Amino acid sequence: MATNATVVSAMKPSMPWQPTRGDRARSVIRLLISALLTYGIVALTPLKGKLAYFFVFIALSTFITAVDKFRAGGKKAAQDSFVSALALTAGVIVFLPVASILFTTVSRGVKGFHKTLLTDTMAKASITDPISMGGILHAIVGTIMIVLLASIISVPLSIMTALYLTEIKGRASGFIQFLVQAMSGIPSIVAGIFIYAAILVNTALRGSAIIGALALAILMIPTVTRTSQEVLRLIPNDLREAGLALGATQWKTVATIVLPAARSGLVTAFILGVARIAGETAPLLFTIGAADTLNLNPINGANSALPYYTWRTLTGGTPESMQRAWTAILVLLIVVLALFITARSISRRRTA
Amino acid sequence: MSYSSLLILTLIGTFLIFRGFETFRDQGFKFITGFEWTSNVVDGVEKGTFGIGAMIIGTLLIAFTAIAIGVPISAMTALYLNFYAPAKAKALLTTILDLMAAFPSILFGLWGYFVLAPMAEYWAKLLYKYFRWIPIFDAPQPAFARSPFIAALVLTVMIIPIVTSVSREVFSQAPLDRIQAAYALGATKWAMIRTVVIPFGASGVVGGAMLGLGRAMGETVAIYMVLNIAFINNLHILYGVGGNVASMIVQKWGESGLVESKALLAAGFVLFMLTLIVNSIANLIVRYAVKSGK
Amino acid sequence: MSSNEEFNVHKENNGEDMTIANAQPSHAAPKSLSEVSANRLKDRTPGNAPLGTGLEARNIHAWFSKHLAVQDISLDFAAGTVTALIGPSGCGKSTFIRTLNRMHEFIPGAAMAGEVLLNGKDIYERGTDVTKIRLQIGMVFQKPNPFPSMTIGENVLSGLKLAQLKVTNKDDLMEECLERAGLWNEVKDRLGAHAGGLSGGQQQRLCIARSLAVNPKVLLMDEPCSALDPGSTLRIEETIGELAKSMTIIIVTHNMQQAARVSDYTAFFLSDGGPGKLIEVGPTNEIFSTPRDQRTENYVSGRFG
Numbered sequence: 001m002a003t004n005a006t007v008v009s010a011m012k013p014s015m016p017w018q019p020t021r022g023d024r025a026r027s028v029i030r031l032l033i034s035a036l037l038t039y040g041i042v043a044l045t046p047l048k049g050k051l052a053y054f055f056v057f058i059a060l061s062t063f064i065t066a067v068d069k070f071r072a073g074g075k076k077a078a079q080d081s082f083v084s085a086l087a088l089t090a091g092v093i094v095f096l097p098v099a100s101i102l103f104t105t106v107s108r109g110v111k112g113f114h115k116t117l118l119t120d121t122m123a124k125a126s127i128t129d130p131i132s133m134g135g136i137l138h139a140i141v142g143t144i145m146i147v148l149l150a151s152i153i154s155v156p157l158s159i160m161t162a163l164y165l166t167e168i169k170g171r172a173s174g175f176i177q178f179l180v181q182a183m184s185g186i187p188s189i190v191a192g193i194f195i196y197a198a199i200l201v202n203t204a205l206r207g208s209a210i211i212g213a214l215a216l217a218i219l220m221i222p223t224v225t226r227t228s229q230e231v232l233r234l235i236p237n238d239l240r241e242a243g244l245a246l247g248a249t250q251w252k253t254v255a256t257i258v259l260p261a262a263r264s265g266l267v268t269a270f271i272l273g274v275a276r277i278a279g280e281t282a283p284l285l286f287t288i289g290a291a292d293t294l295n296l297n298p299i300n301g302a303n304s305a306l307p308y309y310t311w312r313t314l315t316g317g318t319p320e321s322m323q324r325a326w327t328a329i330l331v332l333l334i335v336v337l338a339l340f341i342t343a344r345s346i347s348r349r350r351t352a
Numbered sequence: 001m002s003y004s005s006l007l008i009l010t011l012i013g014t015f016l017i018f019r020g021f022e023t024f025r026d027q028g029f030k031f032i033t034g035f036e037w038t039s040n041v042v043d044g045v046e047k048g049t050f051g052i053g054a055m056i057i058g059t060l061l062i063a064f065t066a067i068a069i070g071v072p073i074s075a076m077t078a079l080y081l082n083f084y085a086p087a088k089a090k091a092l093l094t095t096i097l098d099l100m101a102a103f104p105s106i107l108f109g110l111w112g113y114f115v116l117a118p119m120a121e122y123w124a125k126l127l128y129k130y131f132r133w134i135p136i137f138d139a140p141q142p143a144f145a146r147s148p149f150i151a152a153l154v155l156t157v158m159i160i161p162i163v164t165s166v167s168r169e170v171f172s173q174a175p176l177d178r179i180q181a182a183y184a185l186g187a188t189k190w191a192m193i194r195t196v197v198i199p200f201g202a203s204g205v206v207g208g209a210m211l212g213l214g215r216a217m218g219e220t221v222a223i224y225m226v227l228n229i230a231f232i233n234n235l236h237i238l239y240g241v242g243g244n245v246a247s248m249i250v251q252k253w254g255e256s257g258l259v260e261s262k263a264l265l266a267a268g269f270v271l272f273m274l275t276l277i278v279n280s281i282a283n284l285i286v287r288y289a290v291k292s293g294k
Numbered sequence: 001m002s003s004n005e006e007f008n009v010h011k012e013n014n015g016e017d018m019t020i021a022n023a024q025p026s027h028a029a030p031k032s033l034s035e036v037s038a039n040r041l042k043d044r045t046p047g048n049a050p051l052g053t054g055l056e057a058r059n060i061h062a063w064f065s066k067h068l069a070v071q072d073i074s075l076d077f078a079a080g081t082v083t084a085l086i087g088p089s090g091c092g093k094s095t096f097i098r099t100l101n102r103m104h105e106f107i108p109g110a111a112m113a114g115e116v117l118l119n120g121k122d123i124y125e126r127g128t129d130v131t132k133i134r135l136q137i138g139m140v141f142q143k144p145n146p147f148p149s150m151t152i153g154e155n156v157l158s159g160l161k162l163a164q165l166k167v168t169n170k171d172d173l174m175e176e177c178l179e180r181a182g183l184w185n186e187v188k189d190r191l192g193a194h195a196g197g198l199s200g201g202q203q204q205r206l207c208i209a210r211s212l213a214v215n216p217k218v219l220l221m222d223e224p225c226s227a228l229d230p231g232s233t234l235r236i237e238e239t240i241g242e243l244a245k246s247m248t249i250i251i252v253t254h255n256m257q258q259a260a261r262v263s264d265y266t267a268f269f270l271s272d273g274g275p276g277k278l279i280e281v282g283p284t285n286e287i288f289s290t291p292r293d294q295r296t297e298n299y300v301s302g303r304f305g
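Protein chains in written order, with this note's numbering: chain P, 1 to 352; chain L, 1 to 294; chain D, 1 to 305.
No lab work stands behind these hints: they were computed from the structure.
Remember, predicted model here, so these are calculated numbers, not experimental data.
Incorrect hints may appear among the rest.
Claimed, not checked - List time: in silico SDA-like cross-link candidates among lysine to any residue, alpha-carbon distance up to 20 angstroms:
1. 125(L) <-> 302(P)
2. 124(P) <-> 12(P)
3. 12(P) <-> 64(D)
4. 12(P) <-> 149(D)
5. 129(L) <-> 140(L)
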């Protein structure tokens, strides 16, 4: 028993727990049997459509795999394989709607692309006119305007709030935290109603870009605040202590050390906030007025925005107006996707 | 500066209470429980009976149905991501979930109406044919288009990202040493999950479900587009009529007179309170679930 | 000569163990590890049950992604013995012990080479049901980890529940396992209480009882006492001595005194910045009194580590 292991052997690493070729062949056979039976079952019953094939196939292959595992390992192996199949199914189920949404939006929306889509407004065309007339310039400009306005209102407020919660941690923090969380649950329609009730209802003011922006700000503030909080929490305390040790006040430390370190994260928070409100419809319904023309005045006169434009064209009822809706939503989707990708690449560069 | 959020929230509540208070004063508690909503002009004076009961029931019906379908799917997806998915599938699915969370709700409405509704109508027919002995699946007539069932399906797709994200967060914190202990005792993966992960993460999933519930209760445009909104109290989810508070406000707003619009504001206030309560409870549960679990 | 009875004196104070305060050895304190080990050999009554061949590791290598952590370990653990694995931090002892019950493969990117023979069969052979292997080769971890959602009684039987094994008399089995783990007297009146209310030492003994319930042939222990107070440590070391009569025990320990107190054989691991290797293995009192390798000598006499 007293050996001295001085011989060095050059053995190759292996992973004997991985499935063997035999295991893989077995699972392929199971899938084939399931496929055949699926075809048969769907032909014989009143189920139809691609989804029917899909669900029957999943049910059958789950059952067949479980039976196979049962023969090898007993009840617990069968249960384990059943749950694995369920988990995988859930993952696929989540994937399907997104794929469908993207595919539908692109395939339907693209049909409405024409030369003047982005340069023309609906001033001289009605939503039921043929799709080559008019464009969505006013909606795009409107979106840009209200997003800018909402950001100007929200971002400083949000970042200050986030700083208060993470840096100062004053006595009101618990309460403010609760408020931020409560705000993030406000239904978007309620935000719109509130602004309407607060500002428009008994005054001579009418809907305009700034009013819509105020409604959106209510939704943007909690989003940007929460994301900023998370970003600030990730900044290591050593940086703050270093600043204070050098004799700076807390605010100076925050301004010169913490904020620059958190800069890319805060930009991400901002972009996510923009993505959130760029697609909101309900808050604008009562607050923005209904404009078909380009209006660069933020405080006077009705305006438009991409989601709002989509909403209006839907109520047109004709195939042309529906087409406009799809095209507008495709443009909106492209905008949201671009924002999303930008935010991700910034945060990835940060952690790289 | 940060007292701004305090200010805003208080203002919202105050104004809505204020404006809606008159309606409450006129209608009393019947505002919430009444099932009639009529508004007419009699002798030049606007009068009306306003009761949002049917709409509250509608809100709860489709929101809870969405939770019933969506939470199991989300919890299983969270388990899949944490314990089963290979690295690439995990990255892909996580990206897709984040993307879903960013989609505008009007997009879900459009897709729901044009793509999902025809399929869902077909499923509703099947459900009606084979399961109508269960009361909720019965219907006074076989009219299945634009039903609460379809609305609930659209809501399900919308809340899956939130519930999955919270569930994932909680499951990922399941203590590794207990997971190892279970495996060392000869557990299969499922045995380990049900012994260690699920007891640990169950309350977190509940919190996530409530956050999803809050979102579902407040959804406006998607419901408006998919559901045939009428002031009828309908508990048969396959039958094509229903509504929720948010979409009702939108529908009635355009032609409402002064009195009716105050009633609509009151309805907004009720909705706000409902979602506030649900979200507060949800946040408490999630915070407690993530902190404890030792 | 110290006798086992003196170590059993304890106060029933909240079920807590106050042994160290009361231990009174009747000989002068041992001056070296080899004396400790020699003393132990005098006390040990050898087991006499037929136990099979124990466990044998042949040419074990272990990788984490491309990094070789453990190189060419061959050890034959005889049945009915306690073997201690000693060595400085980071020399691969824990990695090695996890190859013995196939827990190493849970780490993403893990790979191995070599064989581990239980009853003559390689546990890594293709087609083996790994969950059954883990029922026969149990493990106790450094940090006690009872399941908090279960009561004490349920914890003991949890291995059976996980493996879905039927047992004719649950209560007898529960009592037997808790008795063997040295915990029965302290918890017999509160089997329905939650496991979280126990002290660290009690929790660890509960984990031992839990491992015993599935009747393993081999028990692996990865520094089971390093998170515990000395009183609990002593209780568990007694338990190890008793358990060794009916199974093979392999214990990783940082504490050389513990190795000297508890083990029949000791294996010394070392890593010189590269993969961990087995330097020397032998009967414990030889390793501590007359080691053959200079590095072993340096380690056990405290010149490094």
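Consistency of the hints with the structure:
1. Note on residue 125(L) and residue 302(P): the hinted pairing is violated, with a Cα-Cα distance of about 45 angstroms set against a maximum of 20 angstroms.
2. At most 20 angstroms may separate the alpha-carbon atoms for a hinted pair to count; residue 124(P) and residue 12(P) exceed this at roughly 76 angstroms.
3. Of the supplied pair hints, the one linking residue 12(P) and residue 64(D) holds, its CA atoms being roughly 13 angstroms apart against a limit of 20 angstroms.
4. A distance of roughly 43 angstroms separates the Cα atoms of residue 12(P) and residue 149(D); the hinted pair therefore is violated under the 20 angstroms criterion.
5. The hinted pair formed by residue 129(L) and residue 140(L) meets the criterion: a straight-line CA distance of about 13 angstroms does not exceed 20 angstroms.
Violated hints, listed in ascending order, are 1, 2, 4; each of the other numbered hints is respected by the structure.
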